[in-house]
Structure formats: C-alpha cells, structure tokens
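Q: The sequence shown begins at 1 in full-length UniProt numbering and counts up by one.
Don't take each hint at face value.
No farther apart than 16 Å at their CA atoms in a straight line, the calculated lysine to aspartate or glutamate pairs in the EDC-like style are these [claimed, not checked]:
(1) 359 to 311
(2) 171 to 311
(3) 274 to 196
(4) 224 to 258
(5) 239 to 210
(6) 359 to 196
(7) 224 to 196
Label pairs and their calculated CB-CB ranges [stated by the list, open to error]:
(8) 184 to 136: 45 to 51 Å
(9) 7 to 190: 45 to 51 Å
(10) 138 to 172: 36 to 42 Å
(11) 368 to 165: 16 to 22 Å
(12) 172 to 327: 25 to 31 Å
(13) 147 to 263: 36 to 42 Å
(14) 327 to 372: 33 to 39 Å
(15) 135 to 193: 45 to 51 Å
(16) 374 to 147: 15 to 21 Å
(17) 144 to 248: 37 to 43 Å
(18) 135 to 46: 21 to 27 Å
Everything labelled a hint here was simulated from the structure, so no lab data went into it.
Fair warning: this is a prediction, and the values are worked out from it, not measured in the lab.
Beta carbons are placed, not taken as given, at the ideal position from N, Cα and C, and that holds for glycine.
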Amino acid sequence: MVDVIQKHTLVLVDSSICITGALKSAVQQAVSLRFYYRFVIVLPEKSSAIDFVKAHGLLVQTLPMLELRRNVLVVLHYPLRLLVNAARLVTIVQSEGAIALVMNDYYNLLGACVKMRMPNLHMLTFVRFLPSTMPTLLNKLWIAAALRYANSVVAVSDAVRLQLPRVCKVKLLYNAVQFAEYHSPYQVRNCTSTVELLYLGNYIRGKGQDYALRAFELAYHKDKRLRLTFMGGTMGLAKNEAFKTDLERYAADAGLTEVTVFLPFADDVESAYKSADIFLNFSEAESFSMTCAEASYYGVPTIASRCGGPEEIIVDELTGMLRPNRDVAAFAAAMVSLAGNTSLRQAFSGQCRNHVRKKFSCREFREKLIQLLPLPLPLTIVDVPE
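Based on the sequences and whatever the hints tell you, model everything.
A: Listed below in structure tokens is the structure:
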C-alpha cells in the first residue's frame, strides 16, 4: 500500500436529491481516489442520499440547493438562492482547505459563481447528461459557463463528448466501474418456470419504463414465463408519482398485474441484479448508464436501447443486446429471444463481466483523473489495493 503522508482536500458538489447514477459515479470517483485525496461531498440539505454517501466513509456537508426547473416560484427564487449558496460554498472550500472544486454536473452554476469569487481555485466540471436532452437556451448558458470557469470539462462518454465544443479543455474520461460484491457470483439459470426481467431506474418520463411495459405486454403473449420487476424511486416529485401511477394503471388494464411488480429502490441492489435473468434499460437518452454498467459488472445479460451511453458499455450480440431507440417491437422480440436461449445468456454473462471490468477499470480512471487535478501525487497507483 502507498504511504501517503498528507492528503489534499477536494470538495465535490452534487445536486442529487436521491441516489442517482451520477451520484454513484461521484462516490466511486471519491472512493477510488481516497488514498490520494480527502473528499468532502456537498449535497442538498434534504437529499435522501446523504446516508448512502456517508456509508462509503465520505464526509458530507449540505446546502439548501435549488434546482432550476419550470416553476415560476423556483425561477424567482433561484438567483438569490444561487448567490447565497455560492457564498456558503466558498466558506466550505476555504474552511476545508480544498485545493480543487469538482462539480458533478455542468448544469449546477454554483461552481461558476465560486470561481468568480476565487479565480485561482482549480475546478473540474463533469458532464453526465447528454446536452441535447436539455433546454436549448439553458444548455448554451451551462456549457459556456463550464468552458469559461472550469480548468477541465470532463465528458463521461463519447456520446457526451461529441455534443460538446471541440476544444482542448474538454476531456474524455469514462466512469470507473467497480462495485463491492457481497453475494456469490452470478449464475445463469436454466429457466423452466419463470424468466425474471429487471428494470432498475427512477420513475421519470424518458427513462424508458413505459417502453419496457409495452414491450413486455407483447413479449408475454409469446412467453408466459416472463416476469417484470420495476425498481426505483420518484424523488418525491408529483410528476414522477403520476408517471409511476400511469405505469401501474397500464399494467392493470393490460392484465399484467400478476406478472409485473413496482418496487422502490432496494438497499441491496447487488442482490436485485443477481436475482434477475435479464436486465433491461430502454431509456430515451443516457450519457453513460450506470445501471447497464452495474448489470454487466455483475454478469447479468442486458438488453438496452441505442440511446447514447449504453452503446459504449454493451457490444451488441457479444456482451448483450442493443436495439433501436423507442422500438417497442424490437425490445419485445429481444426479450423473447434472450429468454428462450440459455446458452446465449451464459455467453453474454461471461463476456459482459470481462468487457466492463477491463474497459472501465479503476486504475486507468485514477491515472487520468489525477492528471486533471492540481498537485498530482506520484503515480504509484499499481500499489493501491482495488
């Protein structure tokens, strides 16, 4: 193990109000660098993810963050709240003696405001959303602010990088993919009675649960062994609650109540993945897709839409299946095909584990990320335990 005498402090800001793929990526980033840097994670005051972050041994501070959205009151309060939070974030950075500020996504303008007050502070800004999915005017503002104030703008996939200006400040850095394994290695079942399909993701329009349900309806008529479990949260938002209700109503109207389940997020997601025979992700747009990465890491055969990030995680017909975006018929056909082919699921399982662990290795991620941070320590990373 490397003997680090002194760790420099990094402050990482994430605006997630619950556990998200972006936050999981940030936590992985902090954990992978904990031998080199001390991390302070700044989250919204009412975030339900605070305990999740603390469970990884990371220090958490909070701010009363307000995310800009289509709401008159929010729009009116946003500028003042932004300035107040920026002042508090400056205090956190100074009191912690941080040498750098890491913004976990480009749409959070707190970083730009802090840099106006502390122009010599080193700042990294990650882009974890596909810019094309954002409102056009706001997207231009966010990208301009990131390019002006950040020392480096980090795209987490080629899909993201291709939507950003081609300037030297923009860097490509894949997320590291490494998860703790507390259960026995995944085993592909020879499904005789049921085939368990898992869809893990927050209930948000655009995340693809509606396509999955419609495709499942078609597939179930051809293979009565199929069972579908949705698992995710609504983030406490009324529009997400309404979307989940719409999904439940559709399942009931289609006569699928006995073969579909709608669950909240589980604390033990590893067990959820390893209990599934096939994992699904039919999102309309993904910058990376941590769920596809997780499923592949554990060896769960995956069917995903061609929506950006999954195309960089899954090699079609080698490590999983990729189908055209929003193509319900193609999704259904893939479900039936993979459910009925145990040998193919076995092949996908071994290939996806090896592929993801090699392409998105923690070691390579650390080496590249440290080069983007100030005062990098000697790269004796090979000595650090995974």
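Q: Going through the earlier hints one by one, which of them does the structure break, listed in rising order?
A: Numbers 2, 6, 10 - these are the hints that the structure violates, sorted from lowest upward.
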